[in-house]
Amino acid sequence: MTATPDTPSVQLGQARLRKEDARLVTGQTSWTDNLTQPGLLHVAFLRSPVAHARITGVDVSAALELPGVVAAFSGADFAAEQGSLPCAWPVTADIVLPDHPPMAVEEVRYVGEAVACVVARDSYAAADALEAIEIDFEALPPVLDMEAALAEGADLVHASKGTNKSFLWPFEAGDVGAAFDGADTVVTRRYRQQRLIPAAMEPRSVLCKPDGDSYTLWSATQIPHILRLMLAMTTGIPEHKIQVIAPDVGGGFGSKLQVTAEEVLALLLAKRLGKPVKWTEARSEGFQTTHHGRDQIQDIAIAADSDGRIRGLKVDLLADMGAYLMLVTPGVPILGAFMFPAIYKMDAYAFNCTGVFTTKVPTDAYRGAGRPEATFAIERILDELAAELGMDPMELRRRNWIRHEEFPYTTIAGLTYDSGNYEAATDRAYELFGYDALRAEQAKRRESGDPVQLGIGISTFTEMCGLAPSRVLGSLSYGAGGWEHASVRMLPTGKVEVVTGATPHGQGHDTAWSQIVADQLGVPFEDVQVLHGDTRVSPKGMDTYGSRSLVVGGTAVVHACEKVVQKAKVLAAHMMEAAEDDLEFSGGRFTVRGSAGPAATIQELALAAFAAHDLPDGVEASLDADSTYDPDNFSYPHGTHLCAAEVDTETGAVTLRSYVAVDDVGTVVNPLLVEGQVHGGLAQGIAQALFEEAVHDAEGNLVTSTMADYLLPSAADLPEFTTDRTVTPSTTNPLGTKGVGEAGTIASTPAVVNAIVDALRPLGVDDVRMPCTPERVWRALHEARPNGGENGREVRSATSLAADSADTAPPGARVDGGPDDGEGARR
Amino acid sequence: MPQIRVTVDGVRYDDQVEARRLLVHYLREQLGKVGTPVGCDTTNCGACTVLLDGLSAKSCSVLAVQTDGHDITTVEGLATDGQWHPVQRAFHENHALQCGYCTPGMIMATIDLIRENPDPTDAEIREGIEGNLCRCTGYANIVRAVRSAAAAMRAETAAPAHGGVPRQADAEPAAPAHAASGGAAS
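As they're listed, the protein sequences go chains A and D. With UniProt numbering as the guide, the letters of the first sequence map in order to residues 1 to 827. With UniProt numbering as the guide, the letters of the second sequence map in order to residues 1 to 186.
It should be emphasised that the hints constitute simulated quantities derived from the structure, not laboratory data.
Examples of chain D residues toward chain A, derived with CB under 7 Å:
hint : residue
1    : Thr42
2    : Val75
3    : Tyr101
4    : Cys136
Stretch by stretch, here's where chain D covers chain A in the computed footprint (C-beta under 8 Å, at least three residues):
hint : stretch
5    : 200-206
6    : 238-251
7    : 497-509
8    : 701-710
9    : 715-727
The beta carbon of each residue, even a glycine, is placed where N, CA and C say it ideally should be.
The following block holds chain A by itself, in its conformation from the complex (with noise of 0.2 Å):
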């Protein structure tokens, strides 16, 4: 489409390139860590080696004798200002909510957890001298298995809470026993959940920098709107006096979701020297202070009838909170709790949800949040029931999915999907996948014994995205609303400016909002700019999560427009002495209805307001506009994935042959950008299921603590995705779209792990636990043999993990009794 100054072109829909890209790819980049001030110092933090132990004594003295050393402070020397660490979401009205101090005073209950600091003219002085610090601790026992965790008499993470467990959370809708006790079959399973590291490329960092009694703090964050109230909060700082701004910020997945202990500390440490302050983690030190994902152990039970029909839906879970609750820590399962029905019809649903404490790092929103958990438990267990029906897993979805033509409909958890065309997506995704094809080959492998197996792979999945009608989360017992805020400002020369509370951190917001605003005005997309990130720029907004941006922010921006384009209706008419009623506003330009006459421009009126010589009585000299939106629903985008997957039974090796995504995110602004998310958002879904684990040894030492031991997935080892959509609007914003940021990684997960165990199940499999590496794949096949177990004999491998302990080992491992086998690690 060419355009023209008389016709803009038509932005919705059009794969525009970039406005970010110029400085990504020229290194004029703004990340926290590039940014310096005069006199800034450097900030190191020592960090506890043991998971838990009473701090007998911390001396810092030492330290402050050398080279470059400005100060050193333990945690006792803020123990008086430094406040806990906010939990907004307390999910129940009886939960444990232990307190949570930025730096540890008395205990620590996780390795990596900040107990001293160093303040240095450079980087390199602060490390050296966290050196010369000295610790003494009092060990006490760690707290690593959650179900131990809640047995009698178990040693406790927080002594004076008396348990280990924080909150019971329960749901439960229609008569579940009567489903049940009626159902022909219920299957059962159990799914472990592993704990992830979200690793976003840039590692956090913070600067904060006094001016006074006021600070401003930049931080690699998701969210300053929320990191300036609850650094208020928790400080006493006034929130006026705190500005907060996310710069260039690398990547954030749910990770920088998060109020941490180094940015209060940051800002403590610039009151109290009065001087600027920096610190960046290192990637290790992020990968064991960092919050994790997942971490949930799913037992799920399924009752249907003979013919496929599902009659009910029972969920347990026990998650993971880790050693205290962060900002939204208990909130994720819960999340979850409404996504474990999906897209199925059934009578009765009933869902309990218990938080546990453990001494490890605590969990929190990671890509998708509670809600790839629940997908994954789901689209499992329905292959297993298929399974046990001898019914095609696509058949029995197809019998129990929410037809196209009954939506809206309100599901047994209590949501209500506004629309959605589950045949349309999945009809598409079979065309592309060849699925007839690949059971074919499926067939002859499986007849011939082929030590290569093919499996075939589904994930029919929605998700509850676009956080959040500020109702529901209210009735959720989280602390804040979910809206947006937008502002748009027509500047004299026509030139637009947007201010968006929305943050990205590599969306592509400035780029999309850009494109919504020159539909809207009918201006030049170059000529708009979009603001963010800067709480005394843009001063309200609740960021960037929960795939919200575009539904609720874009919605915002929307809103403002038809405000701005209001307004300059009234200056219109006034100039060109039409009434309002007979003007109509397109391309920019408003005309008088059924004239060829003359048109007066959003710039001319712009101009206009501004010069203010000619304005009606009682019109201000302005045509800004602000909006603030609270959406009604929450978005459902949905879609069907498909994945083959070629297993090697004799080295237990996975591979990827083709893996198909088609995605229904409602209307689209840019398709490079949605393909891009769902490529992205397949990545790591992929790597739940096949490569990332964060594993703990016996003591509560994170043993995959760099990115040489824990595995992010190069791009050796994905696949080409092929990617398509279909449409099916939204009802509920005037955009008609849906959210795209967590989709891919929600579906991807279970449609890999259902293609191994596809390809597997001939041969006894009926799961493999994730990740799903050639030993864990090994070892299911050889426990399903007939003559596995090394002839009857428990061995273990040298190289398990410990949550691995109690299976059996590869070809070639030491056998019990070695000096580095599995035992080291049960002590």
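Given chain A's structure and the hints, the job is docking chain D onto it.
Same frame as chain A, now just chain D:
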């Protein structure tokens, strides 16, 4: 402290550096070349990749003193006469970056990959950038970008007088300001 003489992005620097100082910290903290970021501490992520005498090197695993007498190119030194390097253009045109933190290293690694193999297959591209991690893109568009950059650079070698044509020919006046003159890849 040892004295070094290095050329970085075409400019000669004579500096005293601590013997233990990593090249990436020298670039960022002493020269202000913050376009090259640090993503890990185990040489796994590749975000800090630069060209050392034309070959890719992870600047977190090189000491500054080791570069005495050598030539370094960072992402900041790639554009010439206000025109982006074909690899920079290809990353932009193929939406091969989201947060952009891995991008400088990814671009530098790509330049070395194409130098070594001017016409790589997708599999060779995936193997070739294995030492550079990206958490946003799932690599799909990075592979496309490398492929298209390689094609552009081959075309350029074949016909140096003429540049490539930008892919998004319609309505892309949003060409970045400092590359605005660069309708064609240099």
